[in-house]
Amino acid sequence: MGFKSIGWRKLTLAGAVAGLALAGGPAAAEDTIKVGVLHSLSGTMAISETTLKDTILMMVDDLNKKGGLLGKKVEAVVVDPASNWPLFAEKARELISRDHVAAVFGCWTSVSRKSVLPVFEELNGLLFYPVQYEGEESSKNVFYTGAAPNQQAIPAVEYLMSKEGGSVKRWVLAGTDYVYPRTTNKILEAFLLSKGVKKEDIMINYTPFGHSDWQTIVAEIKRFASAGKKTAVVSTINGDANVPFYKELGNQGIKATDIPVVAFSVGEEELAGIDTKPLVGHLAAWNYFMSVNNPDNKAFIKQWQTYIKNPKRVTNDPMEAHYIGFKMWTQAVLQAGTTDVDAVRQAMYGQKVKSPSGYDIVMNTNHHLSKPVMIGEIQANGQFEIVWQTKGPIKAQAWSPYIPESAKLTADWTFPWVCGNCTAPKYKSYQ
Amino acid sequence: MLHRSLPCFLALFAALAFLGLAAPACAASDADLAAAVAKLGEPGFSEKLEAIETLATLGDTRAVPALQALTDGNLYLRDADNLLVVATEGDPDYRLSDPLTGAALGSAGFAELSRVIANNRLRSAIHTALAKLQIGDPDPTRRLAAAQEIARDNAPETAALLSEVLEHETNAGVRAAIAISLAKINLSSELPAERLAALKKLSDTLTLEVRTLLAPLTSANSDGSFAEPDPTVRKEASLLVSRIDRRLVLQDLALNLFQGISLGSVLLLAAVGLAITFGVMGVINMAHGEMIMLGAYTAFCVQEAFRMWLPESVFGLYLIVSIPAAFVVAGLVGIALERGIIRFLYGRPLETLLATWGISLILQQVVRSVFGAPNREVSNPAWMTGAFEPLPGMVLTWNRISIILFALAVLVAIGLLMRFTSYGLQMRAVTQNRPMAAAMGIPSGWVDALTFGLGSGIAGVAGVALSQVGNVSPNLGQTYIVDSFMVVVFGGVGSLWGVLAGAMSLGIVNKILEPYAGAMLGKILVLVLLILFIQKRPRGLFALRGRAAEA
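Protein chains in written order, with our numbering: chain A, 1 to 431; chain B, 1 to 551.
Just chain A, with the same shape it has in the complex (with noise of 0.2 Å):
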């Protein structure tokens, strides 16, 4: 397996220095561009991640309907983790190694993209990672066309703060205990200390994955908003365990005009398996709802709809992500002229699209996006309405100011930084 990445680095090498005349490797030898899809089809992902999949097969479809990339057909190739994180880091290393993908989509959990991390570094791939997450990282390797927490997470508890938001004194922070939550809450605290909120004004609360009994943390949550200041939940609470939670919540008599419950991780696709009427006016925050009132928004939807054959089918913001991020890789690689990993990148950063959300987003230099953030209130229909909104996109910021560690460290994979997490620029001056 060594012999063999060194020996397609070698010919990428040589061609990259041969330039285009030459075919150079493997990739370029043959008709069509590969990209890779690193989606679980099954296992506990699955409900999630197999959406992605269809999204990019799409992409690709339509794509190549337009006549394909660079004059060749562009082929999908697919592959099923199984909701396994080691078996993502392998599947990763086949796609770059044996298929010779151009770029691979794909991950949805943390722990997956930590795990196929050291694998794109090795083989120099190229990533687009489309969920929000917790920040912290920024590698050469990777796009992350999802939403860095302070655009999410602390715009939406700034919204809760202002007037608008009901200027909500009393915070709880909620999640499942794992990676994400922890470290989403420990950025949310810190900025919420510096906003004046006291010490104890914050609880924090963690449960286990799929967690179903929720009786007494909500007897405690209620016990907390009792204090008589306004009080509102921020969930972090992942996946599964969110039916029973709402529901406790709604027959335990409380509304989202007295305790509101912001979640980062409920989506469209996420509400279509709960009865939302006792969810009206609980809030989330996303980049992109499937609201969105504009043309390319609808256009966004029929073209997704069309293709999964099922006009019920809802959008959401990993898919609106994964559509940026798909349109941005085709456009470096035509500026480029080529699919080589490293002059696509070179192209990536100030690449501009034209997303449903309805704003142009661009890539910046630390690998993340400047997008919207939009926070929206469930509907009955299962939709969120969109009650609130940043009035352009905001820059994301890889590492949190709000971590005393984290905000010393610069991203910036450009001259003089060139790092992803770095306390001074690698090059000082031009000696």
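These are computed hints drawn from the structure, not numbers from a lab. These numbers were taken from a predicted model, which means no experiment stands behind them. Hints may contain errors.
What the hints assert, rightly or not - Straight-line Cα separation of at most 25 Å, SDA-like style, residue types lysine to any residue; simulated pairs:
1) K222(A) x A145(B)
2) K169(A) x E50(B)
3) K255(A) x D252(B)
4) K169(A) x P216(B)
5) K255(A) x W383(B)
6) K222(A) x I180(B)
7) K255(A) x S46(B)
8) K255(A) x T71(B)
9) K229(A) x D252(B)
10) K140(A) x L334(A)
11) K222(A) x A215(B)
12) K255(A) x W398(B)
Knowing the structure of chain A, use the given hints to seat chain B on it.
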């Protein structure tokens, strides 16, 4: 007449109190009213908020339908002429009516309408506005709700408003409730006598809310002096606080107990089927969780059938119908498994374990292929939603209460079946001594099959109940399988009483630990305690003695 004149009076009063302006004459406010209602359709939230406040101040009950429609999401703008309308779903188009007069305005398709959006802030404002408008309602329960809604705003103006209302109120129940609300506000009055009177009034309202309101009366300033200058008031207040604290301790304990029993009954339901297949027959059935899952999916299918073919009025009954349906479906699958696979593996626990585990994976994938990977929505019937509040602050939800009762009923039914029917007798005979039972003419093979079917059927029934508190997904069974084995092993293999005692004690211990240790640590502590217990008593709480234990 009251409900027409009082709002006018209130409007006058409110206008004086809030704005300091001359009151608008009630009859002349038609134009103002129409203007304010029209303003509800403005795009900005702050304009809408102003409109809601104006409507509350005008005090005209004719604004109620428009405000109600805005909270319910039924208020629309007609795209053609930007006219504000109330739209109700019709077939196929929406029926439109005027928000103020209720006059019909024809119909329109959904695409020709744009919804007027409300957010939480507007909804709260509307609740307050509606309360102010409905305080003169002829229906006493509505007046009561309105008075309580108004009392949430802890301001002197509210106090004045409530005292006015109190003067006009005739219904004794509503009077008492308003007096309590008024007393809560008066706790922060400037006159010591009023504060004292308020304390007296509240002496029987031992709630957390009053406890919070009392805090400023008993707390000390940073320089050591008391925040409350009057010593009598202070003394009364601290007495009341300690009484409330004592009540709250008891109440918390009772609530914890209820939650523990409720968790215990969920465990009981999940485990009782296993107590039969594992406890009585000795089959290590890893597919037990999937029987629960099949029951939950049966409930889903019955629900969909009700939605499709039966009128909405009987929809609440779907759950009752699901119970026998799930029993039959899961029971038949169980019998098929026993006849097809498990009977060849009796006496070989390791092979049984592996085979049933394989079956569980197959069943999961079958369900995933048929119903899809995402969760399915099984809704609570109306009679199972909401809660019952025996004491203020002590909320017992109906779905939990129903599950507790249901779990006990299932246990009693099994107990009776085993004790008093000839089938029960044969089953006990076969499990105690198979060759002897066969010699007495009991068809032991069929008794085995029926027993396995019974255990599986009961798991299916449990699935119906569990669909009401959790997710319905192909992985549903896996969530419960470990807990079920835990309960059966802890309670004592082969004993129904053991299952009851095991489930309840695990549930209660878990819930008592949870507030102190958190959900994660609580669960771990319970497991550690369980392991220690099993070391001491390997056969569980209720160990069977004698020959049956050796079998």
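Against the structure, the hints come out as follows:
1. Proposed proximity of K222(A) and A145(B) is supported: the alpha carbons are some 20 Å apart, at most 25 Å.
2. Among the hinted pairs, K169(A) with E50(B) is consistent with the structure: their alpha-carbon atoms are about 24 Å apart, no more than 25 Å.
3. For the hint linking K255(A) to D252(B), the alpha-carbon distance of about 22 Å falls within 25 Å, and the restraint holds.
4. Using a Cα cut-off of 25 Å, the hinted pair K169(A) and P216(B) holds, with the two alpha carbons roughly 18 Å apart.
5. A hinted pair counts as satisfied when its Cα atoms are at most 25 Å apart, and K255(A) with W383(B) qualifies at roughly 19 Å.
6. Between K222(A) and I180(B) the CA atoms are separated by roughly 22 Å; this keeps the pair inside 25 Å, and the hint holds.
7. With a CA separation close to 22 Å, the supplied pair K255(A) and S46(B) stays within the 25 Å bound.
8. For the given pair, K255(A) sits about 13 Å from T71(B) by alpha-carbon distance, which is consistent with the 25 Å threshold.
9. Taking the CA atoms of K229(A) and D252(B), the gap is near 22 Å; set against the 25 Å cutoff, the hint holds.
10. A distance of roughly 20 Å separates the Cα atoms of K140(A) and L334(A); the hinted pair therefore holds under the 25 Å criterion.
11. Taking the CA atoms of K222(A) and A215(B), the gap is near 18 Å; set against the 25 Å cutoff, the hint holds.
12. Straight-line distance between C-alpha atoms of K255(A) and W398(B) comes to about 17 Å, which keeps the hinted pair within the 25 Å bound.
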